[in-house]
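Sequences are here, hints too, so could you generate the full structure?
Chains as they are written, first to last, in this note's numbering: chain A, 1 to 282; chain B, 283 to 351; chain C, 352 to 626.
To be clear, the hints were calculated from the coordinates, so they are not data collected in a lab.
Bear in mind that the values here come from a model prediction, so they are computed numbers and not experimental data.
For each residue, glycine too, the CB sits at the ideal point set by N, CA and C.
Hints should not be assumed to be uniformly reliable.
[Stated by the list, open to error] Subject to a maximum C-alpha distance of 30 Å in a straight line, what follows is the list of computed DSS-like cross-link-like pairs (lysine-lysine):
1) A/Lys2 x C/Lys544
2) A/Lys216 x C/Lys510
3) C/Lys521 x C/Lys510
[Stated by the list, open to error] Covered, in the sense of this in silico footprint (three residues per stretch, anywhere, with C-beta under 8 Å from a C-beta of chain B), are these stretches of chain A:
4) 77-84
5) 100-111
[Unchecked claim] Among chain A residues calculated to face chain B with C-beta under 10 Å, some are:
6) Leu10
7) Ala146
8) Lys152
9) Asn153
10) Val155
11) Glu157
12) Thr158
13) Ser159
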Amino acid sequence: MKCQCETYLLLDWQYCPVCTAPVLITDQSDELKSRGFHRFPAAFAPLSYRFGKHVADQSWFYATFCQYVLLIKFDPTQLVYFRSTLLDRYFCFVGPNPPVATNEAFWCAISLVTDRYFRRRAAIYSWSSSQEQQIVEAWYDLIDLAFLVHEKNTVLETSKIAEWSSRLDEMQTQETGPHLACQLCESKCKYGEDIKFMITNDPLAIGEARSSVEGKSDSQQIEQLAWFARLWTERTLCLYDEDFAFCMSINVADRLGWSPERVHQLMVPIRESCHIDSCPEV
Amino acid sequence: MAAEDDEQRDNAAPTLAQELGVDNFLERIIYFRKNNLYTAIGTSFPIVLVIEREKLVFFAPHRPLEYEP
Amino acid sequence: MLECNGCSKYQKTEWNCCPYCGSPSKDFTILTAGEREIFPEAFEPQILLSAMNVANEKAFSLALIQYIQQIIASPANLFDLRSRIVEVYIHCSANPSFLYTRSLWVSLVLASDSYFLTKAIMYRWSSPQLEPLRQKWYQMLAAAFLGLRQDELTEEFIKDWTRDFTELHKCMVRPLMGCHLCQSKCVFQYDVKQFVVQSTDLVEQLTAQLSQSDTATDVFAKVGIEQSNDWFSSNDKDLAYCIATHLISEIDLLSRDASIIISDKIRRLIQERLQ
Chain A
1 MKCQCETYLL LDWQYCPVCT APVLITDQSD ELKSRGFHRF PAAFAPLSYR
51 FGKHVADQSW FYATFCQYVL LIKFDPTQLV YFRSTLLDRY FCFVGPNPPV
101 ATNEAFWCAI SLVTDRYFRR RAAIYSWSSS QEQQIVEAWY DLIDLAFLVH
151 EKNTVLETSK IAEWSSRLDE MQTQETGPHL ACQLCESKCK YGEDIKFMIT
201 NDPLAIGEAR SSVEGKSDSQ QIEQLAWFAR LWTERTLCLY DEDFAFCMSI
251 NVADRLGWSP ERVHQLMVPI RESCHIDSCP EV
Chain B
283 MAAEDDEQRD NAAPTLAQEL GVDNFLERII YFRKNNLYTA IGTSFPIVLV
333 IEREKLVFFA PHRPLEYEP
Chain C
352 MLECNGCSKY QKTEWNCCPY CGSPSKDFTI LTAGEREIFP EAFEPQILLS
402 AMNVANEKAF SLALIQYIQQ IIASPANLFD LRSRIVEVYI HCSANPSFLY
452 TRSLWVSLVL ASDSYFLTKA IMYRWSSPQL EPLRQKWYQM LAAAFLGLRQ
502 DELTEEFIKD WTRDFTELHK CMVRPLMGCH LCQSKCVFQY DVKQFVVQST
552 DLVEQLTAQL SQSDTATDVF AKVGIEQSND WFSSNDKDLA YCIATHLISE
602 IDLLSRDASI IISDKIRRLI QERLQ
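Given below as structure tokens:
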């Protein structure tokens with residue numbers, strides 16, 4: 001955080017020590033809009049909100065959240081197992097000994113990210129507002145259990161989580177994907193948005209992909225591209241999904257500046273290289 | 283004998299999770315029993331018992347962890 | 352060191368108001384940790400001026416960080432390695448022979464205070480937490496540099512100080528990729544960073560080596576261990592790992608994903624080698 005006089009400010013400071021101006025309370029209009037607010041109002045108290053908003057604004061936290069939703073699709077129990085990774089990211093951004101309760105600021109952060117995530121989806125897949133509201137509320141019902149304290153013990157069948165995931169998948173189903181090569185994909189378009197975000201969020205990764213394909217023949221380039229995508233897939237999902245890896249390959253190729261026509265031309269061998277048996281050993 | 287051991291471990295599990303959970307937000311604490319896992323990320327968040335990957339039991343903190351099917 | 356009268360938070364001299372409660376700087380009080388009482392004659396205007404110049408030198412503040420970490424690594428270094436501080440003092444001072452003992456003492460006090468203050472603000476330490484440790488630190492310095500007989504200054508005393516000071520740093524922050532593997536969060540980050548940003552040669556040399564990716568992990572593990580020894584005379588696993596991690600981030604060529612993977616391997620190598 002920076003003051004208008006360019007002084008670097010800590011998140012909990014109320015005044016700029018150099019120009020003595022009070023630090024403007026961050027615009028809290030989101031607070032009232034957030035669907036997470038009424039589930040835990042204390043999380044949106046000014047100081048907690050300031051920390052939560054700061055964390056939610058970090059693209060790495062958002063990318064981790066995307067990963068969370070994806071993982072739950074493949075393994076519903078990740079709803080609880082992945083909590084520690086999310087919390088780990090939270091601690092990347094709050095600095096030493098933050099003067100707020102972790103569960104409060106964390107709930108604020110995850111609520112804000114949730115709102116943003118589904119608002120974006122709603123715009124892309126043209127959901128109606130009632131559709132959006134339904135899926136968001138159902139999501140909040142899940143994370144509410146995982147992160148908030150309740151008076152009573154609660155039992156949740158993992159099939160309920162899987163149900164939610166498949167509902168989200170249904171709402172994301174499209175006839176065509178954003179790229180020409182998408183015609184070979186069988187999960188249009190479950191991954192495109194998340195993958196695009198993950199790639200743009202880690203800009204140096206494209207440099208790594210570039211150096212591994214540069215100066216190679218076409219067939220070697222395809223192999224390297226698929227290898228890169230396969231590694232990334234396994235690291236993101238902790239398992240392998242062919243469509244995900246294919247989507248990753250197309251998106252990386254796009255970022256590498258391959259023309260859509262070239263990707264279209266090469267899509268069959270790319271798809272074949274994403275097939276798990278034909279991947280070169282790590 | 284085996285059943286008795288199981289029971290003993292079962293009773294010890296919540297205490298263990300709570301003991302380790304205090305001041306230890308980030309380390310995911312897992313206690314295994316057959317296919318069941320206790321997982322916790324600190325005392326301010328619910329401790330969860332994952333039963334054979336099919337059921338998640340969310341425990342209200344600061345209460346004895348008792349699960350009645 | 353300055354403290355706000357209103358909310359008892361540490362303040363910097365150049366600040367115009369307290370960032371927490373907004374009290375103006377005239378409401379700040381000076382906290383003396385007995386450093387003036389130990390050697391009051393030293394605090395004369397003329398000496399203060401020249402000592403301030405020395406304390407502001409980067410080389411001197413680095414030497415102090417080094418000295419503190421060396422003492423943390425081994426208590427005997429309080430006496431064994433003080434000559435390094437004197438060397439750097441002579442190098443930084445315009446007129447080193449002028450009232451040498453007094454100037455050195457005041458330089459040390461000023462540099463220590465600025466070190467403690469920066470960390471106190473960064474880690475949000477309160478004065479009841481830090482003041483006793485700062486007091487003890489001056490007792491240790493007085494024994495080493497003024498030759499004052501301090502009967503209570505035993506090895507135990509230094510060890511206790513080291514333990515308490517390290518304990519104060521413990522928190523759950525993870526400033527860099529790979530911090531999740533460290534078991535001393537977050538004792539070293541500030542000190543290591545000061546050294547790493549100064550080592551442009553080392554960073555350049557490593558950048559060149561990074562392109563041979565099959566040996567990169569090995570190189571980083573080696574450099575981490577070597578530098579922790581070289582800079583801080585320490586064999587601490589977490590310190591070596593902290594240096595390696597900071598170097599990776601300073602080079603800024605690796606994606607997050609790659610940093611995490613490489614950190615994992617480096618950590619394993621360092622653990623094997625510093626058994």
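Hint by hint, here is what the structure shows:
1. Between the alpha carbons of A/Lys2 and C/Lys544 the distance comes to roughly 22 Å, so the proposed pair stays at or under 30 Å and holds.
2. A threshold of 30 Å between alpha carbons decides the hint, and for A/Lys216 with C/Lys510 the separation of about 59 Å lies outside it, so the pair is violated.
3. Among the hinted pairs, C/Lys521 with C/Lys510 is consistent with the structure: their alpha-carbon atoms are about 17 Å apart, no more than 30 Å.
4. Using a Cβ-Cβ cut-off of 8 Å, 6 residues of the segment 77-84 of chain A lie near chain B, which meets the minimum of three, so the contact claim holds.
5. For the segment 100-111 of chain A, the stated coverage by chain B holds: 3 residues have a C-beta nearer than 8 Å to a C-beta of that chain, and at least 3 were required.
6. Hint status for A/Leu10: violated, given a least beta-carbon distance of 21 Å to chain B, over 10 Å.
7. For A/Ala146, the shortest C-beta to C-beta distance to chain B is roughly 7 Å, which falls under 10 Å, so the interface hint holds.
8. Because the smallest distance between the Cβ of A/Lys152 and any Cβ of chain B comes to about 6 Å, under 10 Å, the interface hint for this residue holds.
9. Because the beta carbon of A/Asn153 sits about 5 Å from the nearest beta carbon in chain B, less than 10 Å, this interface hint is met.
10. Look at A/Val155: its Cβ gets to within about 5 Å of chain B, closer than 10 Å, so that hint holds up.
11. Because the closest C-beta pair between A/Glu157 and chain B is about 6 Å apart, less than 10 Å, the hint holds.
12. With a least beta-carbon distance of about 5 Å to chain B, the hint placing A/Thr158 at the interface is held under the 10 Å criterion.
13. Because the beta carbon of A/Ser159 sits about 8 Å from the nearest beta carbon in chain B, less than 10 Å, this interface hint is met.
Figure legend: structure checked against the earlier numbered hints; hints not met, in rising order: 2, 6.
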